[in-house]
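Please work from the sequences and hints to get the whole structure.
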Amino acid sequence: MLHLPVLKADERKHSMDTDKGEKVDLTDAIFQLEKEGEWIVQRVPEPYIELDTKYGRKKKIPIEHTWHHKSCGQCGHIPGYSASIFWLNREFGLDYHDPTNQTSCTAWNYYASATSNPEAQAAVAIRNFASAYEVGYFPLIHCGTSFGHYKEVRHALVHQPELRRKVKAIMEKLGKPFVIPEEIVHYSEWVLAMKDRIAERQQLDMSMITATVHPACHYHKLIEDDAIYDSEIYGAQRTAIISGTLKALGINVADYSTWFDCCGFGFRHILVSRDFSRSFSVQRKIGVMIEEANPDVTVTHDTGCVTTLDQSQFAGKAHDKKVGLPVMSDSQMAALAMGAHPYKVLQLHWHNTDNKAFLEKLGIDHEKKWSEFQHEIQKIKDGKNEYMSWEDAK
Amino acid sequence: MASENIIVIGGGPAGLEAARGVADLGYKAILVEKRDRLGGTPDEAQYAALTPDMRSAKEAMDEMRDAVTDNSGVELMLNTTVTGSEGELGNFVVKAEQGGKQIDIEAGAVILATGFQHFDPGRETQKYGYYEHDDVITLVDAEKMFTAGNFVRPSNGEKPKSVAFIQCVGSRDRQIGNEYCSKVCCGISSKQAIEVRHHCPDAKIYIFYIDMRMYGYWENEIYWPAQEKHKVNYIKGMATEILKQGDHLIVKGEDTTLRRPMEVPMDMVILAVGMEPSVGTKEMAEVFGVNKNKYGFIETIGGALNTVSTNVEGVFAAGACTGPADLEDSVSAAGSAVMKSIGAIRKAAVPA
Numbered sequence: 001m002l003h004l005p006v007l008k009a010d011e012r013k014h015s016m017d018t019d020k021g022e023k024v025d026l027t028d029a030i031f032q033l034e035k036e037g038e039w040i041v042q043r044v045p046e047p048y049i050e051l052d053t054k055y056g057r058k059k060k061i062p063i064e065h066t067w068h069h070k071s072c073g074q075c076g077h078i079p080g081y082s083a084s085i086f087w088l089n090r091e092f093g094l095d096y097h098d099p100t101n102q103t104s105c106t107a108w109n110y111y112a113s114a115t116s117n118p119e120a121q122a123a124v125a126i127r128n129f130a131s132a133y134e135v136g137y138f139p140l141i142h143c144g145t146s147f148g149h150y151k152e153v154r155h156a157l158v159h160q161p162e163l164r165r166k167v168k169a170i171m172e173k174l175g176k177p178f179v180i181p182e183e184i185v186h187y188s189e190w191v192l193a194m195k196d197r198i199a200e201r202q203q204l205d206m207s208m209i210t211a212t213v214h215p216a217c218h219y220h221k222l223i224e225d226d227a228i229y230d231s232e233i234y235g236a237q238r239t240a241i242i243s244g245t246l247k248a249l250g251i252n253v254a255d256y257s258t259w260f261d262c263c264g265f266g267f268r269h270i271l272v273s274r275d276f277s278r279s280f281s282v283q284r285k286i287g288v289m290i291e292e293a294n295p296d297v298t299v300t301h302d303t304g305c306v307t308t309l310d311q312s313q314f315a316g317k318a319h320d321k322k323v324g325l326p327v328m329s330d331s332q333m334a335a336l337a338m339g340a341h342p343y344k345v346l347q348l349h350w351h352n353t354d355n356k357a358f359l360e361k362l363g364i365d366h367e368k369k370w371s372e373f374q375h376e377i378q379k380i381k382d383g384k385n386e387y388m389s390w391e392d393a394k
Numbered sequence: 001m002a003s004e005n006i007i008v009i010g011g012g013p014a015g016l017e018a019a020r021g022v023a024d025l026g027y028k029a030i031l032v033e034k035r036d037r038l039g040g041t042p043d044e045a046q047y048a049a050l051t052p053d054m055r056s057a058k059e060a061m062d063e064m065r066d067a068v069t070d071n072s073g074v075e076l077m078l079n080t081t082v083t084g085s086e087g088e089l090g091n092f093v094v095k096a097e098q099g100g101k102q103i104d105i106e107a108g109a110v111i112l113a114t115g116f117q118h119f120d121p122g123r124e125t126q127k128y129g130y131y132e133h134d135d136v137i138t139l140v141d142a143e144k145m146f147t148a149g150n151f152v153r154p155s156n157g158e159k160p161k162s163v164a165f166i167q168c169v170g171s172r173d174r175q176i177g178n179e180y181c182s183k184v185c186c187g188i189s190s191k192q193a194i195e196v197r198h199h200c201p202d203a204k205i206y207i208f209y210i211d212m213r214m215y216g217y218w219e220n221e222i223y224w225p226a227q228e229k230h231k232v233n234y235i236k237g238m239a240t241e242i243l244k245q246g247d248h249l250i251v252k253g254e255d256t257t258l259r260r261p262m263e264v265p266m267d268m269v270i271l272a273v274g275m276e277p278s279v280g281t282k283e284m285a286e287v288f289g290v291n292k293n294k295y296g297f298i299e300t301i302g303g304a305l306n307t308v309s310t311n312v313e314g315v316f317a318a319g320a321c322t323g324p325a326d327l328e329d330s331v332s333a334a335g336s337a338v339m340k341s342i343g344a345i346r347k348a349a350v351p352a
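Going line by line, the protein sequences match chains C and H.
Residue 5 in my numbering sits at position 5 of the first sequence, with consecutive numbering throughout.
Residue 46 in my numbering sits at position 46 of the second sequence, with consecutive numbering throughout.
Treat the hints as calculated values from the structure; they're not laboratory data.
These figures come from a predicted structure and were not determined experimentally.
All residues carry an ideal CB built from backbone N, CA and C; glycine is no exception.
Misleading hints may appear alongside valid ones.
Using C-beta positions, here's what the derived DEER-type ranges look like [as the list claims (entries may be wrong)]:
no.	chain 1	residue 1	chain 2	residue 2	range
1	C	K322	H	N220	45 to 55 Å
2	C	D28	H	L78	33 to 43 Å
3	H	P261	C	E50	31 to 41 Å
4	H	L78	C	R201	49 to 59 Å
5	C	Q378	H	P265	52 to 62 Å
The structure is reproduced here in structure tokens:
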């Protein structure tokens, strides 16, 4: 037994509760601006669950009455991602709203240095918030980029009266109220807040699964003090998002040495230097995960990350790299754990990397499931069904 | 009747020197310390050697303790916590708790010497994983190991083959609100790098820095010997993440001289944690109504010409409770606080 005057890492006591957090907490400023008539603050509806942020501030995560701000990339590339979020809401019988009048946040262009300006960015954000407010639901942001971007927009609006003035004029022109939500909440925070309820209704044993995790840069690196941390997860040294959910499902979360690295998407890279994105994703992320952790799946929580990690692996395969690691979102994993259909709900057939071995390890007969899905497709082909309903997806 | 006693709060280097100074000048010092022993942070954190002369910290603290122990001019009150204060210059009544009992201490003036605490690296904006990786330690942890005479990797008890110091952890960081330089860390890291060399003659030793702030004689006393004699490598660049890869730590960051990202495997990493106001400093500022600066340190009001007076007449502050300070700063400020406090009492005693 080694006796040293230095504690092991897991014996060191880190208090997240620190008054330093006040420096980055915008809560007071947001409500003060409401008092001054600058805007309306939309309160987090009850019931909500409070989770710790990096510096100990409690963040309110609404459980229902949520307005689902979808992700352009999710809808286009991996529709089962957002379908899984809705499926979870429906399984729990929660009230939510799936709007049809949401505007793209345009942040991708902004982060790729391609276009736009602060007034346009902020006005789009406030327009979306106003749309949620008008129907009485609270924004829940599916997209990591929109989430990070809206946090930056909020920061700018709090600190720049001139920007507020310009955005206010735009909102008046649109005939919409100038609304800021009390919290800006990412869907994966909702999944984390729901983790115990999800685990209670878990149908699949996942204890044989080893997963690696990739947190989205725009989730935990932009306004990092607003991301969720937990002293039980990585000693509160990294965000608890995804990892906390997977652990609640009994999954073994494995570490790897490029955990903090970008997935490869990089915004500008995926637009103008896509080969770099592919190489980075395969060599710095997927390859390292396989080499160091040999996981069954890697789980992330953003559109760009899922698509890049998943859809870059073909390039590695072409170069005889060791690839073939299924990529899923935490919402898909949670839904799968609760018995969601892998094709009707998770829509894993849209994923590029083969995930059959992963499903088999979980004891899922993917051939049978595929045939059930095909049966629903046939009904649409035959004109018996216009589209697959939630009832059909059961 | 006005009191000529001076209450000194805090039994670290500044408080010890202040109490000794008050007694030397023929006044009575009441030295209040909440712990059960004197010596402050150098004692509590088990510092090994002082910067820059490598003198034993214990030996130095013993010398300071001896100067107040059995000194007829110093009344020692250990295990005593100050909880309130009434009165004014010449007539303070300081409320304290000692062994569950409430006591009143009469004093003409107050010297606050409540010091600092080391930055908690869990709040660092970079990703250093102090609470994740056994082999990521702080300067404070390293001091304890040097004091114990056994510098090894906490994970396996083996001598490290490579050690990296990371500077400015919790200092010069706008994002967490600590914009200030903690002043001593560059010197202490260099001193510790030399100590690591003594323990591990064959190890590769690196210091990753923004810029090295070796003011005064520390330049020739530590910085150059560390490089030239003890073969410590100084690398200008910020480390941003530490993760594990197999048995090693991987330090990632940017080498700003070579202008490119770096990833270096290391056996151990020592975080040069900076200074923040101690809990006692923040509490005493509230008790005595003394202004704090935006970082929570006690604010002195005299600029460069008076580094110990506060906004409350008769209440003075010395040492690291007013901001980052080394031992020389702390002891010098204590002397100044003694002079100012006695001067204030004498002036108050003279009828107008």
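Indicate whether the distance between the beta carbons of H:L78 and C:R201 respects the range 49 to 59 Å. 58 Å, holds
Between H:P261 and C:E50, does the C-beta distance stay in 31 to 41 Å? 38 Å, holds
Using the beta carbons of C:Q378 and H:P265, state whether their distance is inside 52 to 62 Å or not. 56 Å, holds
Range hint 45 to 55 Å (beta carbons of C:K322 and H:N220) holds or violated: This hint holds: roughly 54 Å between Cβ atoms.
Tell me if the beta carbons of C:D28 and H:L78 are separated by a distance inside 33 to 43 Å. 41 Å, holds
Violated hints: none; the structure is consistent with every hint.
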